[in-house]
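Top to bottom, those sequences are chains Y and B. The letter at position 264 of the first sequence is residue 264 when you use the numbering used here, and the numbering goes up by one with no holes. The letter at position 420 of the second sequence is residue 420 when you use the numbering used here, and the numbering goes up by one with no holes.
Please note that a few of the clues may not be correct.
[Unchecked claim] Only pairs whose alpha carbons sit at most 16 Å apart, straight line, appear in this in silico EDC-like list of lysine to aspartate or glutamate:
#1 Y:300 with B:82
#2 B:370 with B:418
#3 B:257 with Y:254
#4 Y:300 with Y:333
#5 Y:300 with Y:336
#6 B:370 with B:417
#7 Y:62 with Y:102
#8 B:370 with B:409
#9 Y:62 with Y:170
#10 B:257 with B:135
#11 B:257 with B:154
#12 B:63 with B:185
#13 Y:300 with B:136
#14 B:257 with B:163
#15 Y:62 with Y:182
#16 Y:300 with B:85
#17 B:370 with Y:87
#18 Y:300 with B:154
[Unchecked claim] Computed far set for chain Y versus chain B, every beta-carbon distance over 12 Å:
#19 60
#20 121
#21 125
#22 171
#23 191
#24 238
#25 249
#26 274
#27 337
#28 349
#29 362
#30 394
#31 407
#32 419
These are computed hints drawn from the structure, not numbers from a lab. We treat Cβ as the ideally placed atom computed from N, Cα and C, and that holds for glycine.
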Amino acid sequence: MKRLLILVVALFWTLPARAEIAIQEVTSPGGITAWLVEEHALPFMALEIRFRGGASLDAPGKRGATVLMSGLIEEGAGDMDARGFAEAREALAASFRFDAHDDAFTISAQFLTENRDAAVALLRTALTQPRFDTDAIERVRGQVLSHLTSRETDPMAMVSDRFSRLAFGEHPYGSYSSGTPDSVSALTRNDIVAAFNGAIARDRIYVGAVGDISAEALGTLLDDLFGDLPETGAAIPDRVEFSLGDGVTVVDFDTPQSVARFGHVGITRDDPDFFAAYVVNEILGGSGFNSRLMDEVREKRGLTYGIGTYLIPMDLSEYMIGQVSSQNDTMAEVVEVVRAEWARMAQTGVSAEELASAQTYLTGAYPLRFDGNGPIANIMVGMQMQGLPLDYIATRNDQIMAVTLDEANRVAARIYDPEALHFVIVGRPEGVSSTE
Amino acid sequence: MTRFLSLLLPLLTFLSSPARAGEVTDFVLDNGLQVVVIEDHRAPVVVHMVWYRVGAADEPAGKSGIAHFFEHLMFKATDDLESGEFSRVVEANGGSDNAFTSQDYTAYFQRVAADRLGLMMQMEADRMRDLIVSEDQVITERNVILEERATRTDSEPGALFREQFNAAAHLNHPYGIPVIGWRHEIEALNQVDAQAFYETFYAPNNAILIVAGDVDPDEVQALATTHYGPLQPTPDLPVRARPSEPPQLAERRLVFKDARVGQPYVMRRYQAPERDSGDQAEAAALVYLADLLGGAGATSVLGRALQFDTTTAVYTGASYGATSLDDTGFTLVVVPAQGVSLEAAETEMDRVLSEFMEQGVDAAQFARLKMQIRASEIYALDDVGALADRYGRALTTGLTLEDVAAWPDILQAVTAEDVMAAAARLFDRRRAVTGWVSAGTEEAAQ
Chain Y
1 MKRLLILVVA LFWTLPARAE IAIQEVTSPG GITAWLVEEH ALPFMALEIR
51 FRGGASLDAP GKRGATVLMS GLIEEGAGDM DARGFAEARE ALAASFRFDA
101 HDDAFTISAQ FLTENRDAAV ALLRTALTQP RFDTDAIERV RGQVLSHLTS
151 RETDPMAMVS DRFSRLAFGE HPYGSYSSGT PDSVSALTRN DIVAAFNGAI
201 ARDRIYVGAV GDISAEALGT LLDDLFGDLP ETGAAIPDRV EFSLGDGVTV
251 VDFDTPQSVA RFGHVGITRD DPDFFAAYVV NEILGGSGFN SRLMDEVREK
301 RGLTYGIGTY LIPMDLSEYM IGQVSSQNDT MAEVVEVVRA EWARMAQTGV
351 SAEELASAQT YLTGAYPLRF DGNGPIANIM VGMQMQGLPL DYIATRNDQI
401 MAVTLDEANR VAARIYDPEA LHFVIVGRPE GVSSTE
Chain B
1 MTRFLSLLLP LLTFLSSPAR AGEVTDFVLD NGLQVVVIED HRAPVVVHMV
51 WYRVGAADEP AGKSGIAHFF EHLMFKATDD LESGEFSRVV EANGGSDNAF
101 TSQDYTAYFQ RVAADRLGLM MQMEADRMRD LIVSEDQVIT ERNVILEERA
151 TRTDSEPGAL FREQFNAAAH LNHPYGIPVI GWRHEIEALN QVDAQAFYET
201 FYAPNNAILI VAGDVDPDEV QALATTHYGP LQPTPDLPVR ARPSEPPQLA
251 ERRLVFKDAR VGQPYVMRRY QAPERDSGDQ AEAAALVYLA DLLGGAGATS
301 VLGRALQFDT TTAVYTGASY GATSLDDTGF TLVVVPAQGV SLEAAETEMD
351 RVLSEFMEQG VDAAQFARLK MQIRASEIYA LDDVGALADR YGRALTTGLT
401 LEDVAAWPDI LQAVTAEDVM AAAARLFDRR RAVTGWVSAG TEEAAQ
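The shape of chain Y in the complex, shown without the other chains (with noise of 0.2 Å):
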């Protein structure tokens, strides 16, 4: 009798919650635009900064040098060394975070209200005057080739770095961002220097703040900031299209688990069937314990701890891939599994019932993103990069419910194909070779 209720009442409180957040844009008196939600209930805010770009900016030779410069730009500024800097952030209890992907340089910070106009002026000191002190650089190189040297050996690195290879080439996409141990060996200064100017510009800045502030001292810190940052930044690389063709690849390493990687060509984040596709993708290998590929691989014949499968629409390219782990002699059941499902979903798709309770999830799920100040500002700050309006947060759910059947089925055949899917596998899988 209680599963009974479980179920009727799961239906009946289905409304998908809206989140309600209040986004003001904010455009300061210098032209710098930015995203805020006003939240005084705690003494502090958030700031999220974007630069497009990132790691994709590394010119021909020079793979590594934004992500070493990213590194950088903590270890010394103004008149202040590494240790000088660190002592005055610590100080006043700020944290800044500064990273390059793919497509960005980022920077998260957080500073209490009480020190808001001395964090400021002291990232604005980063932004501005990086020393890039010829120590610095030493110590930092250290550190990002020792941790080069640990992912040769890392099989998870490993078949991320060959899938890459063989999809994307000589094109950024297709190299791990931090580089390889010979081309940050070689960087110099005025490598890094130009990687700087590169990627800090005007002309490319996406901001989020959330928390403690006011439109209007948002307003001047922005200006504050930006201010002084030069107008344009290098030119970003072309698009490339994903060019590995359905095969195996192993890649031979001695450990008793091998790690699979696979996936195939994509679709863009502003294409009409993105939200069908996003939708579908959560079906067979979504987040929760309740995809098709969890079940079949995981919980029905135990042959692995996780299985998932994920959309990859980046600025210049896209694809989508899954990845799993299985004992060497399990691999090749699994790749089976994996094939059979990736064709049974290209062939006869989904059911109205997967694809409502992916819908409830998938909207469900959604305003629990929204859940500190520094979770919300990388969510506008993402929204802002990929070019949604300012009420998407409040119509995205709509667009989800409003997938159906037919084109969820329609874009299931569009984008699956097993004919093209390619394992990238690295161990010592029993029973499955390379195909080339």
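Please arrange chain B on chain Y, whose structure you already have, making use of the hints.
Showing chain B alone in chain Y's frame:
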């Protein structure tokens, strides 16, 4: 049906409460279930967690991994739910759920819209007492766990080393046994083991319910009484007394070699006291000590000496597990720069430690750290899930709500003298374990 409909009105009223963050209320049900409510009304979301006072260190001898194994089985069938239905219902309500196991606790949680709290409680209460542990489920799930061990331990030389390292640190206490279990013992776990473990430890008098988010404490009390109130406690619940360590009289050393190690390092662990109820000052001093020695590279004692003043290391760190039921560890790590041997790295680490013991705490560094620890209390209020974690970890490791409330003030009261006195008690090589990790080739070890 009516039980749920009647909730609608009160729910609507408490959703509109003014924004507050971090207010804590607690109560105990008649069957012994302890309940903690943490309010955060900024978003209509709730985190619902049940923590059991049982972890890997409470397992019967020879059954390593059963606590974590059981965590997996909790997602299988009950008398009211079929296998996997728990997570399906959570997802159908837009929520996410998971669980985790440590040496001292096992916890289950869901994040979901605040108006679904009653449903989460109904299902969580159901599986606290009415799980059906079937032979088939046990065998399939055991394979999943062997895969998990293969992914997270056997494929990671660092994880394999830490197993050996922890084992070396404990001659008698079960903290020396890995949470996931030794492979040969996992392979032998069976339905009878699982059933016995469940019946003893999964009970309201061995659990703590934590509800954090956009909720009203009175409403939580009413819901908890409805759903968890009828559950029967375990009579004669065993007292949590683990075998304890004999005095350590000599340093233990390991040389760990695995061809898959890309970057060699040296690790040193000292046996250290943990936060004890009513007696947290020593632990608070050790929290500072870990940050002073191995916090940020540019400002910590080890970082400055080995990464900045010299180029001995590419990374240095110190960590201290303050929240633990029994004695814990204070761990230092040095990752040498290219061309620096593990022996040289360890020698340098010891030189820096002895200089620190002579020179004492840098007053400016200490003041900055105190400011950061104070600010971290404000930042922590932004993440209600992390706050819930803080209470769960404390209450399953012998601390009380009063201890949790007192902890920030105890941290602010620590003096530089306290830190040095704690360091003097801590740094005794006879109570240390030191490990060298490398690929085993001459080139990597040099």
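Now for the hints, and whether the structure bears them out:
Proposed proximity of residue 300 of chain Y and residue 82 of chain B is supported: the alpha carbons are some 14 Å apart, at most 16 Å. Of the supplied pair hints, the one linking residue 370 of chain B and residue 418 of chain B holds, its CA atoms being roughly 14 Å apart against a limit of 16 Å. For the suggested pair residue 257 of chain B and residue 254 of chain Y, the alpha carbons sit about 15 Å apart, so the restraint of at most 16 Å is met. Annotation: proposed proximity of residue 300 of chain Y to residue 333 of chain Y holds, straight-line Cα distance about 13 Å (limit 16 Å).
Between residue 300 of chain Y and residue 336 of chain Y, the direct Cα distance comes to roughly 14 Å. Compliance with the 16 Å bound is thereby established for this hinted pair. For the given pair, residue 370 of chain B sits about 14 Å from residue 417 of chain B by alpha-carbon distance, which is consistent with the 16 Å threshold. Pair hint residue 62 of chain Y plus residue 102 of chain Y holds up; C-alpha atoms about 14 Å apart against a cutoff of 16 Å. Pair hint residue 370 of chain B plus residue 409 of chain B holds up; C-alpha atoms about 11 Å apart against a cutoff of 16 Å.
Between residue 62 of chain Y and residue 170 of chain Y, the direct Cα distance comes to roughly 12 Å. Compliance with the 16 Å bound is thereby established for this hinted pair. For the hint linking residue 257 of chain B to residue 135 of chain B, the alpha-carbon distance of about 39 Å lies beyond 16 Å, and the restraint is violated. Restraint check for residue 257 of chain B and residue 154 of chain B: satisfied, since their Cα atoms lie roughly 14 Å apart, inside the 16 Å limit. Straight-line distance between C-alpha atoms of residue 63 of chain B and residue 185 of chain B comes to about 6 Å, which keeps the hinted pair within the 16 Å bound.
For a cut-off of 16 Å, the pair hint linking residue 300 of chain Y to residue 136 of chain B stands: about 11 Å separates their Cα positions. Our distance criterion of 16 Å between C-alpha atoms is met by residue 257 of chain B and residue 163 of chain B, whose separation comes to about 14 Å. Our distance criterion of 16 Å between C-alpha atoms is met by residue 62 of chain Y and residue 182 of chain Y, whose separation comes to about 10 Å. Restraint check for residue 300 of chain Y and residue 85 of chain B: the C-alpha separation of about 14 Å stays at or below 16 Å, so the hint holds.
Between residue 370 of chain B and residue 87 of chain Y the CA atoms are separated by roughly 13 Å; this keeps the pair inside 16 Å, and the hint holds. Taken as a hint, the residue 300 of chain Y and residue 154 of chain B pair is broken in the structure, with Cα atoms around 23 Å apart against an allowance of 16 Å. With a least beta-carbon separation of about 27 Å from chain B, residue 60 of chain Y lies farther than 12 Å from that chain, consistent with its non-interface assignment. Look at residue 121 of chain Y: its CB is around 17 Å from the nearest CB on chain B, clear of 12 Å, so calling it non-interface holds up.
With a minimum CB-CB distance of about 15 Å to chain B, residue 125 of chain Y clears the 12 Å threshold, and the non-interface call stands. Non-interface status of residue 171 of chain Y relative to chain B is upheld: no Cβ of that chain comes within 12 Å, the nearest being about 26 Å off. With a cut of 12 Å on Cβ distances, residue 191 of chain Y stays outside the contact zone with chain B, its closest approach being about 20 Å. Annotated as non-interface, residue 238 of chain Y keeps its C-beta farther than 12 Å from every C-beta of chain B; the closest such distance is 34 Å.
A cut-off of 12 Å between C-beta atoms confirms that residue 249 of chain Y is not in contact with chain B; the least separation is 19 Å. The claim that residue 274 of chain Y lies off the interface holds: its Cβ sits roughly 20 Å from the closest Cβ of chain B, which is beyond the 12 Å cut-off. The Cβ of residue 337 of chain Y sits about 14 Å from the closest Cβ of chain B, beyond the 12 Å cut-off, so the non-interface label holds. With a least CB separation of 20 Å from chain B, residue 349 of chain Y remains clear of the 12 Å interface cut-off, as annotated.
Residue placement check: residue 362 of chain Y does not keep its beta carbon more than 12 Å from all beta carbons of chain B (closest about 8 Å). At the 12 Å boundary, the C-beta of residue 394 of chain Y stays outside the reach of chain B, the nearest C-beta of that chain being 15 Å off. Every CB of chain B is more than 12 Å from the CB of residue 407 of chain Y (nearest about 21 Å), matching its label as outside the interface. No Cβ of chain B approaches the Cβ of residue 419 of chain Y within 12 Å, the least distance being about 29 Å, so the stated non-interface status holds.
Figure legend: structure checked against the earlier numbered hints; hints not met, in rising order: 10, 18 and 29.
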